[in-house]
Amino acid sequence: MSGTLAGRAVLVTGAGAGVGRAIALACGRAGGDVVVASPRENGAETSEAIVADGGSASWIRCDVTSQADVGRAVEVAVERHGGLDVMIHNATSRRSSEPARLEDVELDLWRDHVSVSLTGAYHCARTALPSLRERGGSMLLMTSPAGMEGSLMLPVYGVVKAALRGFAKSLAREWGPEGVRVNLVSPLAQTPAMVNAIREDPALADRLARRVPLGRVGDAEHDIAPAVVFLASDAARYITGQTLVVDGGRFMNL
Amino acid sequence: MPSRDAPLLAGRSAFVTGRESGFGRELALGLEDLGASIATEPPLDLVVHADLDEAALQRQALAETAAEDWDRRCEAVLQAALQCAQSAFTALRGRGLLVFVTPTVGITGAPELVPYAAAVEGIRALAKSAARQWGHHGIRVNCVAPPVELLAPDAGRLGPDVADRALADAPTVRDSVASVIALLAAPGSVVTGTTIVVDGGVVMAP
Numbered sequence: 001m002s003g004t005l006a007g008r009a010v011l012v013t014g015a016g017a018g019v020g021r022a023i024a025l026a027c028g029r030a031g032g033d034v035v036v037a038s039p040r041e042n043g044a045e046t047s048e049a050i051v052a053d054g055g056s057a058s059w060i061r062c063d064v065t066s067q068a069d070v071g072r073a074v075e076v077a078v079e080r081h082g083g084l085d086v087m088i089h090n091a092t093s094r095r096s097s098e099p100a101r102l103e104d105v106e107l108d109l110w111r112d113h114v115s116v117s118l119t120g121a122y123h124c125a126r127t128a129l130p131s132l133r134e135r136g137g138s139m140l141l142m143t144s145p146a147g148m149e150g151s152l153m154l155p156v157y158g159v160v161k162a163a164l165r166g167f168a169k170s171l172a173r174e175w176g177p178e179g180v181r182v183n184l185v186s187p188l189a190q191t192p193a194m195v196n197a198i199r200e201d202p203a204l205a206d207r208l209a210r211r212v213p214l215g216r217v218g219d220a221e222h223d224i225a226p227a228v229v230f231l232a233s234d235a236a237r238y239i240t241g242q243t244l245v246v247d248g249g250r251f252m253n254l
Numbered sequence: 001m002p003s004r005d006a007p008l009l010a011g012r013s014a015f016v017t018g019r020e021s022g023f024g025r026e027l028a029l030g031l032e033d034l035g036a037s038i039a040t041e042p043p044l045d046l047v048v049h050a051d052l053d054e055a056a057l058q059r060q061a062l063a064e065t066a067a068e069d070w071d072r073r074c075e076a077v078l079q080a081a082l083q084c085a086q087s088a089f090t091a092l093r094g095r096g097l098l099v100f101v102t103p104t105v106g107i108t109g110a111p112e113l114v115p116y117a118a119a120v121e122g123i124r125a126l127a128k129s130a131a132r133q134w135g136h137h138g139i140r141v142n143c144v145a146p147p148v149e150l151l152a153p154d155a156g157r158l159g160p161d162v163a164d165r166a167l168a169d170a171p172t173v174r175d176s177v178a179s180v181i182a183l184l185a186a187p188g189s190v191v192t193g194t195t196i197v198v199d200g201g202v203v204m205a206p
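Keeping their order, the protein sequence lines are chains A and B.
Our numbering puts the first sequence at residues 1 to 254.
Our numbering puts the second sequence at residues 1 to 206.
Just so you know, these hints were derived from the structure itself, not from any lab.
For glycine and all other residues, C-beta sits at the position ideal for the given N, C-alpha and C.
Wrong hints could be hidden among the right ones.
In silico negatives: residues of chain A with every beta carbon more than 12 Å from chain B [what the hints assert, rightly or not]:
| no. | residue |
| --- | --- |
| 1 | R80 |
| 2 | A125 |
| 3 | L129 |
| 4 | R133 |
| 5 | M148 |
| 6 | G150 |
| 7 | V156 |
| 8 | G158 |
Covered stretches of chain B, as calculated for chain A (at least 3 residues, CB under 8 Å) [stated by the list, open to error]:
| no. | segment |
| --- | --- |
| 9 | 34-40 |
| 10 | 52-66 |
| 11 | 72-79 |
| 12 | 83-97 |
| 13 | 120-132 |
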C-alpha cells in the first residue's frame, strides 16, 4: 500500500476506541502495518475496520501496565513486520474523565492514572527502543492542555499528562544521538465522554466551541490523526522533543 | 504587622520538607535568615516541598532502568508531592502558600534523567491544578526551579544540551530561591500557579 507510512510498522496503545482508534485507522490508511494494542475486544474491531479499508492490521490484547503484555505486542510487530518503526502511547486510565478534588484524591485513583499513562510509557519506551533504533523510528505520546495549564476538574489526569511531557522531552534528548525521535500531540477532540456530556447538555458544544478560535471541537479521525501521521512520517524527520498542539487554537504556545 | 524594615518573612511560620539535610536544610536556613520561624506543625503560613530522595537523581539510560528504579525515581517522587500537597491543604487551614522546588530539568528535559524529569513536570502540573482548585480557599501554589545540580551536586552536569551555568555560585542560588519564596509569600499576592526559574539565566521561558 502506498502512503507516507508505507512499509512502516506502527503500534498504537489504547487503540480500541476514541482518539487511539482514529490514529490507528489513519496509520492504516497511510499504508502502515498497524498493531492495534488494546486490553479489550474493541481492539479487534479497530483492526477489522483497518483491514476492511484495505489496510494492514492486527489486534493484540495488551494492558500497558504489564511489561509482559507490552513485550508481546512488540514481538508481534517484529514477527509479522520485521520490526517496529513507530510506537504510539495513547492509552489512558479508564477513569481519565472522572472529576477529582486534589485534597480528596485517593491512592487508588492516583495509581490507576499513573500506571496506565506513566508505567505504560516506561514499558513502551524501553521495550520498543531496540527496534526503533534499528529502523530509525520514533515514539509519540499523547498529552493534554490539562498538563500544560493545570485543570480545575481533572487534576490527576493533568499530572500524568504533564509528566509525559517531561518524559518525552528528556527521552528526545537521550535518544536523539541514536536517531530516534520522540514527540507529543496535545489534541482537542470529541471523545466518547464529551459526546455523552453534549447529549446531556446540548449547550455545552457551543460553550466549548467559543473557546476555540477555529470554532469547533476537533474530530479525532479528520482533525487529530493526520497530525499524528505527520509526526510519525519522514516529513517530520527533523522534529523531536516537541509538543504539537492540535486543538483549533484553543491553547497557544508561548 | 511587621514594620517596613522587618525581614520579609518576619512572624511567618514555615514548614520545609527535607529540611534534615542537603538542599532542604540550606533552604530552611535561608528562610530563617529572612525572618521565618521553621515549624514542625500547624499553624503554618508557608509549606515548601524541598524533599527529594537523592536516588531519584541517579543518571541512567531509560532502557537500562529497572522497574523498581523507575518507580523510585518517578512514581514515588510524584506521589510524595501529592501527599505533601494534601497535608499542606490541611495544615494551611485555608490560607497560605505552598511552594514546590522543581528543578529546571523538567522544563528542558534531560537525558539519563527521564524518570525524574517526568516527575518534575508532573509536579508542576500538580501545582497548577492545586492553584486552580484552592485559590478560593486562599491557598496559593507555585514552583521555584533551580538547577538540578543544586539538589544533588554529585548528579553531575546535565549534558551537552544545556549551556554552562551563567551563575556558578551555589550559595547565591540557594539564597535567591529563599528570596523568591519570600516574595511569593507577600501578603495579598495574587501570584499563583506559576514557575519561577532561579538559575542565573541558563533556562529562559519563551
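Here's how the hints hold up against the structure:
no.: 1; hint: R80; verdict: 23 Å, holds
no.: 2; hint: A125; verdict: 6 Å, violated
no.: 3; hint: L129; verdict: 5 Å, violated
no.: 4; hint: R133; verdict: 9 Å, violated
no.: 5; hint: M148; verdict: 8 Å, violated
no.: 6; hint: G150; verdict: 3 Å, violated
no.: 7; hint: V156; verdict: 8 Å, violated
no.: 8; hint: G158; verdict: 5 Å, violated
no.: 9; hint: 34-40; verdict: violated (count 0)
no.: 10; hint: 52-66; verdict: holds (count 4)
no.: 11; hint: 72-79; verdict: holds (count 4)
no.: 12; hint: 83-97; verdict: holds (count 4)
no.: 13; hint: 120-132; verdict: holds (count 13)
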